[in-house]
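Chemist: Fit chains B and C to the supplied structure of chain A, relying on the hints for placement.
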Amino acid sequence: MLSFVFLQLAPGDFFDEMRLNPQISPEAVARLHREYGLDKPLPVRYFSWLKSAASGDWGTSFAYNAPVAPLIWSRARNTLLLTGLSMLLCWMIALPIGVFSAGERHRWIDHGCSFLTSFLLVTPDLLLALGLLWIALRTHWFPAGGMFSLKSAHAGSVAQCRDLAFHLIAPVAVLVLGGLPVLLRHIRAAMTDALQTPYIRAARSHGIPYSRLLFRHALPAASAPLVSLFGYSLGSLLSTSLLIEVVMNWPGLGPLLLEAILARDVYMVIGTVMFSALFLAGGMFVADVLLFATDPRIRTKDIG
Amino acid sequence: MKMSRIAALLVTALAFLCLTVVFAGFLAPYDVAQQNRKLAFAPPSVIHFADASGRIHLHPSVCALEDRPGAFGEYRENHLNCFPIQYLVRGTPYEVFGVVKSNLHLFGVAPQTKIFLMGTDSYGRDLFSRFLCGGQISLLAGLTATLLSLAVGALLGTLAGYFGGWLDASIMRGAELFLALPWLYFLFAARAFLPLSLSATGAFWLLIAVMSLVGWARPARLIRGVVLSSRERHYVLAARLFGGSDTYIMRRHILPETYSILLTQAVLLIPQYVLAEVTLSFLGLGVAEPTPTWGNMLSTLQKYSVLATYWWMLIPGLLLIPVFCGFVLLANELQPGRKARAA
Amino acid sequence: MWLCTYPRFTASVLLSASACLLSSVGSAQSHSSNEELVISDNPVGHPGGRLVTSLRSEPKTLNPITSIDISSREVIAQMTGDLIHINRLSQNTELAIAKSWTVSRDGLQYTLKLRHGLRFSDGHALDVEDVLFSFQVYLDEKVNSPQRDLLIVGGKPITVHQVDSDALVFQLAQPYAAAERLFDSIAILPKHLLDQAYKDGKLAQAWGLGTSPEKVAGLGPFRLKEYVAGQHLTLERNPYYWKADRAKHRLPYLDQITFLFVPNADAEVIRFQAGDTDVLNRLSAEDYSALEKDQTKHAFHVYDAGPSLEYNFLFFNLNSVLPARSEISRKQGWFRQVKFRQAISMALDRDGMVRLVYRGRATPLWTPVTSASSFWIDTAVPHPVRSIDQARKLLEAAGFSWSQSGDLIDSSGSPVRFSILTSASNSQRTQMATMIQQDLREVGISVEVVPLEFRSVVDRIFQSHDYDAALLGLGGGDVDPNSQMNVWLSSGNDHVWDLGENHPATNWEAEIDQLMVKQLSTLEPQARKRLYDRVQEIIAENLPVISLVSPDVLVAAKDQLGNFKPAELDPHTLWNSQELYLSGTAASGQP
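Residue numbers (our numbering), protein chains in the order written: chain A, 15 to 318; chain B, 28 to 370; chain C, 33 to 623.
One chain only, chain A, in its complex shape:
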């Protein structure tokens, strides 16, 4: 609701561009203004929006002259593809490395990855993105931004997938590299804590093989914070890639929001913010559920 109020405070509205056109009269603009209901008082507009939002109609975008919800959804799909893939890759890479680096053997993994982590932590995502774009522009090894090239639209689905994969390289690389250090750090910390516990020491003295120890015994114990982290990551899938999408021209939710803000497209802004907020809430809920499901300690605590 706050966002709605704020947006109305900003002066100027969508039809200002038409006013600048010397050939369109102010009366015509005023008529269109009335038609879109922009002259009704604020509370009336908020409540009518609320009513329609509940029934699934999220308003019409001025800029696109089309309903907001399907637009958001189609862009959100692109964003989710990008961030979902990045998150998956990130976890797949980070988990084994993190687990091994917390163990006692193979110290070189720990040293190596802490060095790498520090370096990546310090490099802003922005620079990673610019750097990869620079490489792409100079060497043409992979496309510099965008999601599709035209040739693929008429090619078979295999070629389309290949094309999509090529276009995914740069943004996914940036997101993975950006997300790795934090993740690695968390995994390592959780694993280290788990490895200190008495029953792991007991298991070790029983002679359980090293890797089995790490993965079958220590990891599940360390999983509680990791699971909630996973849940949070799910919720923030929609928002982490905003900057990357804008810089790399990936047609996701980020550029849509930016464009809508600059064009003062009220319903689109509200819709996007609401959508990501809902998604976030959903992710946190999933995190709680997962935690509940995977950690028996919580369940027993509840009963006890």
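For the record, the hints were derived by calculation from the structure and aren't laboratory data.
Ideal placement from N, C-alpha and C gives every residue a C-beta, glycine not left out.
Each hint should be verified, as a subset may be incorrect.
[Said to hold, decoys possible] Okay, derived cross-link-like pairs now, DMTMM-like style, lysine to aspartate or glutamate, Cα gap no bigger than 20 Å in a straight line:
#	chain 1	residue 1	chain 2	residue 2
1	B	Lys128	C	Asp439
2	C	Lys597	C	Glu324
3	C	Lys329	C	Asp565
4	C	Lys92	A	Glu273
5	C	Lys275	C	Asp114
6	B	Lys65	C	Asp383
7	C	Lys371	C	Asp439
8	C	Lys561	C	Glu573
9	C	Lys325	B	Glu101
10	C	Lys325	B	Asp58
11	C	Lys131	C	Asp198
12	C	Lys257	C	Glu268
13	C	Lys550	C	Asp565
14	B	Lys65	C	Glu474
[Claimed, not checked] Away from chain B, derived, C-beta distances all over 10 Å, residues of chain A:
#	residue
15	Arg152
16	Ala187
17	Ala216
Modeler: Chains B and C alone, transformed into the frame defined by chain A:
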């Protein structure tokens, strides 16, 4: 607090950085707004130690640039027209902290040519001068936001930890919410909703304020933890028995416990907020022309043609890495108990 | 009368008239024997191929009645036809769906005759009913079409009625110079497809992007084939198009045109370089230089089609209605002095702007009329060279002086400083404002550049008048001075420096008003030109707007695109899409 050797080294390095930024006017050869319209997008000057005839001098010199015929924005050196670099020259006037006026610069060349250590931008402005002066705004923004954030976080965290109960619960719920918020989205939305009668600079500082208010959550949580544990200490209980008021106890006994956390958090937060400023300025939501900041110097790189052709414009970005590195390493060193954990 | 004023036009009319007769006698392609085609006299190309071009934003609709944004209008222009069309290259009118027009002696009645036997893109025959329906819809207040304002002459809308089975009369309330130019881009709509929607009051929602191709029809060279949201919009050849080439083959040559959606200008250029698109409509100067280097290697060429109609200018707030408690009225004491404005104009580095902002691909301006309107520009307006000394002399004469530190101060001793408002999203104007800031520093004036969101800029200039100075650009849609009436008339909506007052604030503005009104109803071109020249001189002396530069029209196209003739008027590349053809083997993608 004892500091290890590494930490001391890092602190010196960061202090050196701050000094550089404060005395940017002295170290920079040119004024930040001075446009050399015939030399837009000039590459970094090549420093010569040998003159045209091949003789080596100890004194470095710079040669004049002229247009390469037939192309815009391409230059070549005119080796017949070289001038030595002079030190402690008188140039454009500047102020330090708005108080001390001077026009002495560390180095410069004769007026017929220019020395561009990092090349020029689209208006022909010297990037080296802009980088040094840009640090003033970027670092200041980072520092201010950090202080604000920590102040709010410390206040709320202390209140939550000390009083407990519903105050604690509500503050912590709020903190979770703020932690989960995607800060860039929030910032974008805030920018859109701000009244546009503000000038760009005003809007920028307001955004810094907004940003720091979003970031209070993490320090608050940590502070709360410390307060919780120190609340039960014996001397605190004793002080309460003796009739010390809440504010007295908080001020004299509990807050000092939090200093080390605050310091570590500060060192961690400063680069984060500097990065936030860089992102905002990069996207065009920062300060107005012609004031440079580290972020808006990178914003022309959004054009692929600039990114591909004028590589020297990336240098301000690359120089950010060692700066952030310094802060992060220092934060690592300062974290209490790190040595214990590594054992 | 009209025979003498537009000789080139007359020649083409006669040519097409005679060609029409010939074509109706011997027909080559399949068309009914009484169909009257327009024959183009361009080199003959060969049919086939798909042209790919790009759009920087998705079109919002395919409805010619309600579309406002550029992308929609670009696509719609390919799908529709008008009665009289302005040739974008020659800038003269040529007959299109109308095969002849005459004007009554008092200039109030235009009689147009339609060609026979034409069909819409779905095969349905065109007749007078469709034209009447179209104008009825455009003029209907309830429909709210932006086109309606274009059809208001002398305060009253044009009326239409049928006089014959193939002729219409348009009645104007007052004589209007070059009224035939009004018909350009007023698309003729198919009554059989839109009538129901009109009767139901749902016309504005008709022909949105999701409409299936059978429901959309027009008289343009192409018709809708397919729309894929977020990716592209494809048009296919209209088999019933009413133009043919000299060899009697029906135009267009191309089988398809695809509009690819790209997010911004950079992506557009990259696509072109990669070969995904065949033609680039608007290049920035930097991209032009970058592409220029590659052009021979990659079988495309970049073209500088000459100056455009767009003019960028700086102007000061001379409004009498100002927001309360503002400093602006004090500053207006400086702005209102002609010598102050003249001094500012002398201090600006227009050549620097051409060089830095447009890389040499622009023209400096001293009058808002650019050399793209070769007929209307007044070449007698002086072009003084930049001179700081001259600027200082003018400022001294106006009562200003300089303080110890070099700042300019007015007669009461307060330093001269003001802010320039510009649109944050337009990087060229922001660059120009920054350069002006630096230039004026040399005369001791301290300027602040304030880039704001475009909507906010428009609001401040047009509504609240809350600004000191602003930098804007306006582009006429047409060369004819009538398209600039709103800017120069004191009561006009785009009289940006002084809005809200309906009567002129100064003598010279009064004179401009008189001249503009007079030229509106003067039918003889040379007499109009003299009046308009005088207007330009007054503007150059009094500088309500300080003209800066006009960017060139920069386009690029692959070499295999034949009959490519970039024009100074919009649409620069596809205005002659019916004649474009692709030579050699397949174009990008399969046909």
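Chemist: Run every hint past the structure and note whether it holds.
Modeler: Status of the hints after comparison with the structure:
1. A hinted pair counts as satisfied when its Cα atoms are at most 20 Å apart, and B:Lys128 with C:Asp439 qualifies at roughly 18 Å.
2. The suggested pairing of C:Lys597 with C:Glu324 holds, with an alpha-carbon distance near 18 Å, which does not exceed 20 Å.
3. Of the pairs offered as hints, the one joining C:Lys329 and C:Asp565 is violated, with about 46 Å between alpha carbons and a cut-off of 20 Å exceeded.
4. For the hint pairing C:Lys92 with A:Glu273, the CA-to-CA distance comes to about 15 Å; that is within 20 Å, so the pair holds.
5. Straight-line distance between C-alpha atoms of C:Lys275 and C:Asp114 comes to about 13 Å, which keeps the hinted pair within the 20 Å bound.
6. Between B:Lys65 and C:Asp383 the CA atoms are separated by roughly 11 Å; this keeps the pair inside 20 Å, and the hint holds.
7. For the suggested pair C:Lys371 and C:Asp439, the alpha carbons sit about 18 Å apart, so the restraint of at most 20 Å is met.
8. A C-alpha spacing of about 18 Å is found between C:Lys561 and C:Glu573, which places the hinted pair at or below 20 Å, so the restraint holds.
9. The suggested pairing of C:Lys325 with B:Glu101 holds, with an alpha-carbon distance near 12 Å, which does not exceed 20 Å.
10. For the given pair, C:Lys325 sits about 34 Å from B:Asp58 by alpha-carbon distance, which is inconsistent with the 20 Å threshold.
11. Under the criterion of a C-alpha separation no larger than 20 Å, the hint pairing C:Lys131 with C:Asp198 is consistent with the structure, at around 10 Å.
12. For the suggested pair C:Lys257 and C:Glu268, the alpha carbons sit about 6 Å apart, so the restraint of at most 20 Å is met.
13. The hinted pair formed by C:Lys550 and C:Asp565 meets the criterion: a straight-line CA distance of about 13 Å does not exceed 20 Å.
14. Proximity of B:Lys65 to C:Glu474 is assessed by CA-CA distance (about 17 Å); at most 20 Å being required, the pair is judged to hold.
15. With 10 Å as the threshold on Cβ separation, the claim that A:Arg152 sits away from chain B is violated: the shortest Cβ distance comes to roughly 7 Å.
16. Remark: the non-interface label on A:Ala187 is consistent with the geometry, its nearest Cβ contact in chain B lying 17 Å away (cut-off 10 Å).
17. The Cβ of A:Ala216 sits about 21 Å from the closest Cβ of chain B, beyond the 10 Å cut-off, so the non-interface label holds.
When the structure is compared with the earlier hints, violations turn up for hints 3, 10, 15 and for no others.
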